[in-house]
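So you can see what is in the structure, the chains are spelled out below.
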Amino acid sequence: QKEVEQNSGPLSVPEGAIASLNCTYSDRGSQSFFWYRQYSGKSPELIMSIYSNGDKEDGRFTAQLNKASQYVSLLIRDSQPSDSATYLCAVRTSGGFKTIFGAGTRLFVKA
Amino acid sequence: DAGITQSPRHKVTETGTPVTLRCHQTENHRYMYWYRQDPGHGLRLIHYSYGVKDTDKGEVSDGYSVSRSKTEDFLLTLESATSSQTSVYFCAISESPQAGAYEQYFGPGTRLTVT
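Keeping their order, the protein sequence lines are chains A and B. Our numbering numbers the first residue of the first sequence as 1 and each following residue consecutively. Our numbering numbers the first residue of the second sequence as 1 and each following residue consecutively.
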């Protein structure tokens with residue numbers, strides 16, 4: 001079982017729709033969770049971090065965390081073609097400084 | 001963008017040769033990391049540093065060594081490059097996990113091809 005799992009996609013949504021990206025993790029003691037956006041040929045860019053159960057909103061982005069279900073998600077409202085990228089979920093595991101990255105979900109926003 | 005540069009940005013080398021990649025930061029962050037990114041595997045940690053001369057292994061450290069003689073520089077060396085080390089290498093930095101700063105910020109990457 002992979003430590004951080006994401007659906008590889010591609011996930012295709014029309015412009016203006018809500019894109020929902022999901023991630024599960026195996027270490028129940030994990031405390032810190034991150035979403036990165038990576039455009040093709042570029043480096044990962046941090047867009048959200050979340051530490052507590054519930055929702056955290058930042059502009060068009062909302063991160064949702066459910067530690068009991070070991071599940072974290074990212075919602076992108078009013079999706080734009082410029083949101084087309086690969087989204088990486090990252091989880092800091094318990095007991096150290098290690099951050100595990102998922103393989104990413106490719107998102108396409110169709111104009 | 002966080003003040004992180006990597007050099008070279010692209011390199012082609014032959015099997016068996018040593019290669020050194022450099023990461024330079026201007027943020028004075030304590031922690032520095034080297035990752036490789038390959039299709040289907042995501043980002044995998046090679047080595048990390050928690051201070052000058054303080055380094056530790058990550059999950060894919062075989063065939064790699066690192067050095068950090070100054071806060072701002074973190075070097076990754078492939079001792080004898082193999083084709084399996086063809087990848088994109090990213091450096092990342094973070095302030096101090098002990099202070100609750102767990103976010104990592106990435107450099108632009110180095111694309112390495114071993115022929």
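Please keep in mind that the hints were generated in silico from the structure rather than gathered at the bench. Nothing here was measured: the structure is a model prediction, and the numbers come from that model. Any given hint could turn out to be false.
As the list claims (entries may be wrong) - With the Cβ distance kept under 7 Å, some of the chain A side facing chain B (calculated, not the full set):
(1) Gly29
(2) Ser32
(3) Ser43
(4) Leu46
(5) Ser49
(6) Phe101
(7) Gly102
(8) Ala103
To be verified - Here are the computed lysine to any residue pairs in the SDA-like style, where the Cα-Cα straight-line distance is at most 25 Å:
(9) A:Lys98 / B:Ser84
(10) A:Lys98 / B:Val88
(11) A:Lys42 / B:Lys53
Beta carbons: idealized from backbone N, C-alpha and C, even for Gly.
Do the hints match the structure? See the list:
1. For the restraint placing glycine 29 of chain A at the interface with chain B, the shortest Cβ-Cβ distance is roughly 14 Å, beyond the 7 Å limit, so the hint is violated.
2. Here the hint on serine 32 of chain A is kept, as its CB sits about 5 Å from the closest CB of chain B, short of 7 Å.
3. A hinted interface residue such as serine 43 of chain A counts as satisfied when its beta carbon comes closer than 7 Å to some beta carbon of chain B; here the least separation is about 4 Å, so the hint holds.
4. For leucine 46 of chain A, the interface hint holds, the least distance from its beta-carbon to any beta-carbon of chain B being 6 Å, beneath 7 Å.
5. Given the 7 Å rule on beta carbons, the hint for serine 49 of chain A holds: about 6 Å separates it from the nearest Cβ of chain B.
6. Against a cut-off of 7 Å between C-beta atoms, the interface hint on phenylalanine 101 of chain A holds, since the closest Cβ of chain B lies about 4 Å away.
7. With a least beta-carbon distance of about 6 Å to chain B, the hint placing glycine 102 of chain A at the interface is held under the 7 Å criterion.
8. Restraint check, alanine 103 of chain A versus chain B: the minimum CB separation of about 4 Å is within 7 Å; hint holds.
9. Restraint check for lysine 98 of chain A and serine 84 of chain B: satisfied, since their Cα atoms lie roughly 23 Å apart, inside the 25 Å limit.
10. At most 25 Å may separate the alpha-carbon atoms for a hinted pair to count; lysine 98 of chain A and valine 88 of chain B meet this at roughly 20 Å.
11. The suggested pairing of lysine 42 of chain A with lysine 53 of chain B is violated, with an alpha-carbon distance near 29 Å, which exceeds 25 Å.
Hint violations for this structure: numbers 1 and 11, all remaining hints satisfied.
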